[in-house]
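Visitor: Each chain, written out:
4 protein chains.
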Amino acid sequence: MKLEISAELKYIIRSPSTLILNIHALRSQRQTVLEEALIVEPYVKFEELSSPYYENRLIRMELPQEEEILISYKAIVDNFYRVIDHTDLSDVPVAELDSSVFPYLYPSRYCQSDKLYRFANNKFGHITNPFLKVLTLTNWIHSHVQYLSGSTNSQTSAYDTVTELAGVCRDFAHLGIALCRALTIPARYFTGYAYKLYPQDFHACFEAYLGKEWILFDATKLVPLNGIVKIATGRDAADSAVASLFGNLNCKDIRVSCEMAEQNFEPLYYDPSNLKGLSYL
Amino acid sequence: MKLEISAELKYIIRSPSTLILNIHALRSQRQTVLEEALIVEPYVKFEELSSPYYENRLIRMELPQEEEILISYKAIVDNFYRVIDHTDLSDVPVAELDSSVFPYLYPSRYCQSDKLYRFANNKFGHITNPFLKVLTLTNWIHSHVQYLSGSTNSQTSAYDTVTELAGVCRDFAHLGIALCRALTIPARYFTGYAYKLYPQDFHACFEAYLGKEWILFDATKLVPLNGIVKIATGRDAADSAVASLFGNLNCKDIRVSCEMAEQNFEPLYYDPSNLKGLSYL
Amino acid sequence: MKLEISAELKYIIRSPSTLILNIHALRSQRQTVLEEALIVEPYVKFEELSSPYYENRLIRMELPQEEEILISYKAIVDNFYRVIDHTDLSDVPVAELDSSVFPYLYPSRYCQSDKLYRFANNKFGHITNPFLKVLTLTNWIHSHVQYLSGSTNSQTSAYDTVTELAGVCRDFAHLGIALCRALTIPARYFTGYAYKLYPQDFHACFEAYLGKEWILFDATKLVPLNGIVKIATGRDAADSAVASLFGNLNCKDIRVSCEMAEQNFEPLYYDPSNLKGLSYL
Amino acid sequence: MKLEISAELKYIIRSPSTLILNIHALRSQRQTVLEEALIVEPYVKFEELSSPYYENRLIRMELPQEEEILISYKAIVDNFYRVIDHTDLSDVPVAELDSSVFPYLYPSRYCQSDKLYRFANNKFGHITNPFLKVLTLTNWIHSHVQYLSGSTNSQTSAYDTVTELAGVCRDFAHLGIALCRALTIPARYFTGYAYKLYPQDFHACFEAYLGKEWILFDATKLVPLNGIVKIATGRDAADSAVASLFGNLNCKDIRVSCEMAEQNFEPLYYDPSNLKGLSYL
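Chains as they are written, first to last, in the working numbering: chain A, 1 to 281; chain B, 1001 to 1281; chain C, 2001 to 2281; chain D, 3001 to 3281.
The following block holds chain A by itself, in its conformation from the complex (with noise of 0.2 Å):
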């Protein structure tokens, strides 16, 4: 499935500073970049991370002056994810997981899971299937959390929203790693540009290791679930923005698109009544 996707940010740079960027697609064995481009205007040196624990392709600039920058990213992609049946799945029990998962086992910054312990169990606990479980909790969610822009910033965590019950994809993509992770499965923060979400912006939602892979969820709903282009993973929004910046410098403005660059796309959301899951890895 073939997507183009772009995306322009423009920053203000007051004094000395240094931008890593996390805009790229991700190159991995099912999602192909077949064309790329990263233009700053004006000219500014950038290198490419290599990323040694976590998937994803950073871009650090220095910034030495103070000024006005354009960033535009734009790729063609082609995406490949697999539709896997979860009907007979079991847990996967800690003693038999592995130990590079566990990770995204523990508690991050914005995903206390240590602190959701019961709320988690007591809600979602007596599902046995684990895709059940974590398309319930998604679904739970998605039906108790209200999709409002600027109800959040960027210190919320799930903690905050399992009560306040307000906020963004990043917020919906915490609880639901937060209520996985106590319910002792694997969730990591996954980010993308993603087809059919309106207003366009950078996506986030996330990934269960279920099964031995890597499946897909998002609590929002926004979108189809195969129309998404990875940008990276982590264990939460601390490891996986989109730009971290180091100095006096502001993001001015973003926007951001992706469209379908091929014909017959269908678009795929889960059902709970067919244990079907969407894996990109």
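Keep in mind that the hints were calculated from the coordinates and are not lab data.
Computed from a prediction, not measured in an experiment: that's the story for all the values here.
Keep in mind that a hint or two might mislead.
[Said to hold, decoys possible] Beta-carbon label-pair distances, calculated as ranges: (1) C:His2126 / B:Gln1155: 27 to 37 Å; (2) C:Pro2064 / B:Lys1074: 47 to 57 Å; (3) A:Lys45 / B:Ser1090: 13 to 23 Å; (4) C:Phe2265 / B:Asn1153: 51 to 61 Å; (5) D:Asp3098 / C:Arg2082: 33 to 43 Å.
Just so you know, even glycine gets a beta-carbon here, dropped at the ideal spot from N, CA and C.
Add chains B, C and D to chain A, keeping to what the hints say.
Guide: Same frame as chain A, but now just chains B, C and D:
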């Protein structure tokens, strides 16, 4: 420097459980485990897990039945460390930081550096030598936070400690880490066995990334810095817990010892008039 | 209904201190203190303070020297209550609310109703009869929050309990109050001696202002609602602490008793099919 | 000292609502309202509520229909204050404190003095003169907390501000109050009109109970202490909100003015070398 360490942990298992222990001395270039033994009574099978992301040695054991078990670990470790002069050290700007240390620059569960930015920069931002900066904040923690057993719990974080001003070694370390990160200095949690710690227990302190080395700091000042056997490092206690429990089981007793196995030990503490830091790795 | 109550408190004083106790049975129109005695050994002077704002009887004592003191309070109380039918009750709109109850409508230290607005309204906002609304939220607390001694501390607030779902009578009361206020129903903290409470201790529950009466609710359901001797009411436990300590002193022991001093007691609990509420004042 | 004050508030009402305003100049022994007028356009009936507990003048209005209303308040106020020399002031021990000020000694929603005990006592506990103690903590807030519009929201409390070190007048006042209470000095929230406040708005500061008088402090230092018209006092902003909204309505605009109506105004600020405090009541 040879040290003899031991740990005895007693658990009561009430239902089939999984236990992940992180009590083994780390094997590293500078730390050689000369002898070691782990005995579980009654006998339980266990496996050592490789750790792709974090430096630790995890032991996982399945505990299928209701019983009381006693886990005994003993080792003799030969430990090297370097003393590095930081007199001429200058900040490594983010623009030159190796991306492998980025995970230690972002906020984590117990180290909300994003909330301490103004505090850290107001108090310590003016200090130009980064070793002196971290040493000064370590001394600030030591003189402002009261070491008080039982004053905190497993949910206590750096954000609490900076105001409540009481805690144990874990809290001292979390606050040190959070302040470093707020000053754009990567920092990580460090657990170990510590010579001359009274009462004996597992110890926690932290490492800051200075001049491309991980330098040890301990705001508790309870032990000489060169009498420590490293167990693990991680983002914070969420990553590096001595024990992670899954199931209905309880720790009933912990006994730890750490003795010098050679003579001529000269205890090393930091001195602000002499900018020498200690690195174990 | 006559009840015999007693409280014995042992304090260790380490420096000159002041102690304010709130353990006396309230004297009110509906509660007559037939006999009472307060004995402090060794003898210390104390005074009873009038309470202009809150309904309580405060005893203040100066403790000038290092020693151990034993405070013994005993009383026989005659207690009246009314059972009020709320079948036809409708909301008192804020526009008609007596301004004397406003303090019980706003958030307080342990009852952050401002943060629970969406939660309370989503869950209970649709219930039209205000008695049934409060009864339903009381039942929700009872069935979702686990009564667990030692699970909380003096800093635990309704905002914690609504997520962590464990606590003691104080936490149950704080959550009930916060939910009422979030629903624009004035609510206040209530402390007392409770018949049939095991193990015996001071008890906490809450009153909601319904139909111009303060109606008693107890989310713990540990005791019959009509076997309670009121000590005090306030905004939350910050106002109505059994003891406020100023100086270096510690409580070493508390013993409480509450016995029925007459026969024919018929325990009263609420029943959602029969909207009758109990009012002590 | 005569001052001319005014406030204009514009609300959009989207459903039948109740609005409680607290914008009237307080009538007290030391503050005489010479003239005043409240006009609501289009006309809406309103009532002034007596306040049994708190010193304020509440206006309640029912807003039955969807519309935009403009509320205009104007007054001329004659204001007296006393300047009190605190050079020889010593602490009023709790043992001698009038019980009517107890509510201002306990923690409240935005002033969690119970969490700031160690912080306050470490930093300010050694200062023996209580006026100097409060003046010193006020100066500490002024020099450590950045006045930054938009940095906080309606949930921000003293516990946040003491670490995050940014806020507006409300946050400065809450932190001052919390620190006083942690030092066993009763303190309360104070709202008013302030001469020379730029940009003009309602102002918040606090009063500490020293030597049996309520003495004014303002950690923002934005205005002369003797150019203030008192609106209300309370435990914190939960008690003394300028406006409490019940229903679906929004404030669209606020305009405030405060002008001196007589000549020869000599601005008064505190001076640590001269322990004179100002009391309005």
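Visitor: Against each hint, give a clear statement of whether it holds in the structure.
Guide: Hints, verified against the model:
no., hint, result
1, C:His2126 / B:Gln1155: 27 to 37 Å, "holds, 34 Å"
2, C:Pro2064 / B:Lys1074: 47 to 57 Å, "holds, 55 Å"
3, A:Lys45 / B:Ser1090: 13 to 23 Å, "holds, 22 Å"
4, C:Phe2265 / B:Asn1153: 51 to 61 Å, "violated, 41 Å"
5, D:Asp3098 / C:Arg2082: 33 to 43 Å, "holds, 34 Å"
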